[in-house]
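J.: Here are the chains, one letter per residue:
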Amino acid sequence: METVKISIDGQEYEVEKGIPLVLAAERAGVRIPHLCFNEGLSVFAGCRVCVVNIEGARGLPTSCTTPTADGQIIWTKTPEVLDMQRGVMSLILADHPDRCLSCHRQEHCGIQGVCLRDAVVTYRCLTCAKNGRCEFQSTSEEMEMHRYPMRYYQERHSWYGPEHKELPIRRENPFVELDFNECILCTRCVRACDEVRGLSCYEMTYKGPEAKIGTSFGLPLQGVGCDGCGACVDVCPVASILDKPSKWKGVADQAVSTTCTLCSAGCTLDVEVKDNAFLRAAANRSDGANHGVSCARGRQALGAQSSATGRVGRPLIRRDGKLVESTWDEALAFLAQQLPAYKGAFASIISSRLTNEDGYLLSRFAREVMGGDAPAIHTPVDDSALVEPLAGMLGVAASTNPLDDIGDAKCVLVFGSDPQVSQPVAAWQARRTARFTGGTLMVASPRQIELNQQAQQWLQYRPGTESALIAGLLSTILEENLTATEFVAANTQGLEALQASLAALTPARCAELTGVPEADIRSAARAFATAPGSAIVYDAGITQFTNDTGAVSALVDLALLTGQVGKPGSGIHVLRSGGNTQGLSDLGLATGAVLTTLDAARSGQVQALFIAGADLAGLDATRNAATAIDRAAFVVVAGTMLDATAQLADVVLPLTAPLEQAGTVTNSERRVQRTEAVLPAPDRTEPLWGVLQALATAMGAAGFQAADANAVFEQAVQATPAYAGLSYGALAEGGKQWGAPVLYGDGFPGGKALFRPVTLPQSPVVPDASFPLLVAIGYEPLAYHLEVQTAREDPHSRPWDDDVLQVHADDAARQGVADGDRVRVVTQHGEFAGVAAVTTNGLPGVVTLRLPALEDASVITGAVAAMAAQANGARLTAGRLEK
Amino acid sequence: MLQSRIGETIDQIVNEYRGRRGVLLQVFHRIQEAFGYVPPEAMEPIAAAFRIPPSTLFGTLTFYSEFRTEPPARVQVGMCLGPTCHIKGAEVVKQILEYRLGLSGEHDASLDVAIHEVECAGHCHLAPLVYVNGMPEGPVEVSAAQQLADRILSQVSA
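Residue numbers (the numbering used here), protein chains in the order written: chain A, 1 to 883; chain B, 1001 to 1158.
Hints may be right or wrong, so weigh each one.
[To be verified] Each pair of labels, with its calculated beta carbon distance range:
1. A:Gly494 <-> B:His1029: 57 to 67 Å
2. A:Arg285 <-> B:Gln1026: 55 to 65 Å
3. B:His1029 <-> A:Ala508: 38 to 48 Å
4. A:Thr65 <-> B:Ser1065: 22 to 32 Å
[Stated by the list, open to error] Listed below are several chain A residues computed to face chain B (Cβ distance under 8 Å; list not exhaustive):
5. Trp75
6. Leu199
7. Cys201
8. Met204
9. Pro220
10. Gln222
11. Arg602
12. Gly604
The hints are simulated quantities; they were obtained by calculation from the structure and are not laboratory data. Here a beta-carbon is modelled for each residue, glycine too, at the ideal position from N, C-alpha and C.
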């Protein structure tokens, strides 16, 4: 960083060269009032409040547009500067409701005080939802505007008086409320949405006195591509853009940064707390995994995870068929007495959102004390097949590169997936490539996803032909000699087998199989192979067949063949399902083993089950888990809620909720991060690791004692080679990745990476006369995984209305189905009812079920579960539509 | 006009300019020529063809007062408010027209007639000058304003 010496108000400072003066001053501890300037956004210079006197400069320049330079002499507090700043501010005030800003009683009652004496009680400052946390208010107070003789306007005695704008307040969006009567046209929202998020939902519309922030033709936000990320809410300095659910809840007592565990992005969020309860969450702007970006799920559902309703308050023990309240001492003694009988016949299942410490101790308890296998990780979607090829072909079961490398790549291939749903921050990274770095974004998907708005190329394939499409890309690369020959020769083996498997899969043949034009396959392959850095992004949507690793290994082949592994700005990015699946599997817990564990219980092989944090019986999905749990002789459930699974238990242990417990989690880019105890845990709840160490000690096992999460983590690090060198303390501030940030930079663990031949899955699904449609499963963005992870009592955790069936317009016309009709999809395995959404998105002949909670055999809803189970593990089936 | 016809026309115009840069205003002009205004339906196709987000398009569209975002009235009355017309009583003529056409106060939401002000076009020999659907009429003295209003009304009801 190059620095320069400047003088502000007679004091010398050394500041970074070339940054806006207002920012340099702020960093040096001198505040220059400003409204439109916001660090991280481009400079707009619209509010003009930040004017200062710079010696030698003409007039009073704005300090946001003036870059720092050596020898600048700046005066920010001269009468001339203050008068100009206040004059400018009074012009802005003239167009803004003002009772909270210029009230003559302000200094008597303070900015938050309750005032009953002002002339017009109903127009008080307290009638504004942003009161006390409004930047405009604090700036006005800081500038002492209530003392300023208002030359340009007269104080008005109303919020919405006749002269006021009277713009309609927009409440259509469930998360963001818009009231542009308050707007001061700073355009922070326009810039944040455009420059940071790449969505451009807002724009300055009209001009002159008519100018206002708006959307295209005044459409609601959700109609112009808004994904509810809240970037605009975070930057709005006034009460124009508000977080709707927490609108009237006021000012936070404190804000704590923690890691969100709702998906595997592991965003750092600032959680605001009021009266010991969750108030709202905002993106943390430091350099975490998310770089100040957040998503609707994180902001709105994080609190629901720790909802106070329905909590288990004390340990429960089953006596005479009923769960009876007990004490920890009693419960632990009871367990210590009962469990030893089940040594060797014990299995455990842990939710993928619990911390590394919880997983580590449960794993040790299961293996060392109970003589069982490593615990099974319960993920919202079984993603073990998505990671196996990474381990088998490259060496490490994880994404190869940091998430940033998606945005830094010059070509991004999002394959069969919707990152907007599975990991919104990854979608933002992909959008960054398309909008800001001049790269190419390619989406391969049967249906248009939100990223299609920015994508340069769309490969629309028939569901179930994923492997064939990748085969087309591979054979184009081979045929057109686009192979990274040197990389392949030095680092890989098995190319001949791959070539042999592709012999029959020419680009033309693959075009025929997938429905994608050959020219598109070829141009996509060229773009991917020739870009200096290309990244592949996928989630569980990549394959329509459970336990099918073929599509993923073909993608790994693609990355290897083009040498897009082991360098920055490239890589293979798997968006894992579940907040801490990566961490738990790093520690040796088993992915994809929930169903086998349940089967073992059903067959009597396992007699004691320990289920932590996963409501297996309550999810429609694993409803048949109840029969397996019932078969087990002894069931211990540790959780926060008295849910359907807990109802089946012999002992229920009350756990602390995610926001109540300090610990570590690992995101899908292998970044180990801290979660903090943001909220106080209810009395008598314990973190799982705490329960396990007490239980193991009570059962006579040694070496389980640990004072806190820190100590457990140190133990886990000792036992996990990949985590060597990590320390709990060093994980504060954005965490630390294990392994090199970019894996395989200096070769592959096994010496060489391995190509695998491409095999096409045998599609069991052929539509016929009685079942003419292909039924696929889609995602509902806001709902994805939520029901699995949050308290269902909280209305905000269920912001969608109904299960939706997306029907192509051609099929709808043939069947006489209109948008909004209630329809049924009948398959040979069962049927599913929902509301029809008629669309031209997608292919004719395909109906997509958009379900709240997904997806395959491990989590799936009612009839769809049966469909999946019977259709040879495919997530596809044939069906027909009935009204 | 049928929805599908609107869509077709828009697609046709957009396709003519597809792949070119700096043509947004021309596209808006062509669409306004076709429909008399730029309808909301135009935003998605333009956004997709030129890779500009719809809200950004709308910001550009509303920046220029030349573009309309609502269907124009059937009869457009332009009042010249240049200095000569002003001296010869154009303000009063405008008030009479507004009153007679039912455009004063709350009644001006009608799509049949609209009055707007225009800049001096140099036909000062015709002052006070009124344009009816682009055709200049004048001099419309205060005494003649009422007759002109009646003529416009008969044109509207026809």
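J.: All hints, please: hold or fail.
T.: How the hints compare with the structure:
1. A:Gly494 <-> B:His1029: 57 to 67 Å: Once the Cβ atoms are compared, 60 Å apart, the range 57 to 67 Å for His1029 of chain B and Gly494 of chain A holds.
2. A:Arg285 <-> B:Gln1026: 55 to 65 Å: Distance hint for Arg285 of chain A, Gln1026 of chain B is violated at roughly 41 Å.
3. B:His1029 <-> A:Ala508: 38 to 48 Å: holds (44 Å)
4. A:Thr65 <-> B:Ser1065: 22 to 32 Å: At roughly 29 Å between Cβ atoms, Ser1065 of chain B and Thr65 of chain A fall inside 22 to 32 Å, so the hint holds.
5. Trp75: Violated - the Cβ of Trp75 of chain A stays beyond 8 Å from chain B, reaching only about 37 Å at its closest.
6. Leu199: With a minimum Cβ separation of about 7 Å from chain B (threshold 8 Å), the hint on Leu199 of chain A holds.
7. Cys201: With a closest approach of 6 Å, the Cys201 of chain A hint holds.
8. Met204: holds (6 Å)
9. Pro220: Since chain B brings no Cβ nearer than about 12 Å to Pro220 of chain A, farther than 8 Å, the hint is violated.
10. Gln222: Hint violated; Gln222 of chain A Cβ to chain B Cβ min 13 Å, cut 8 Å.
11. Arg602: violated (52 Å)
12. Gly604: Not OK, violated: Gly604 of chain A not within 8 Å of chain B, min 59 Å.
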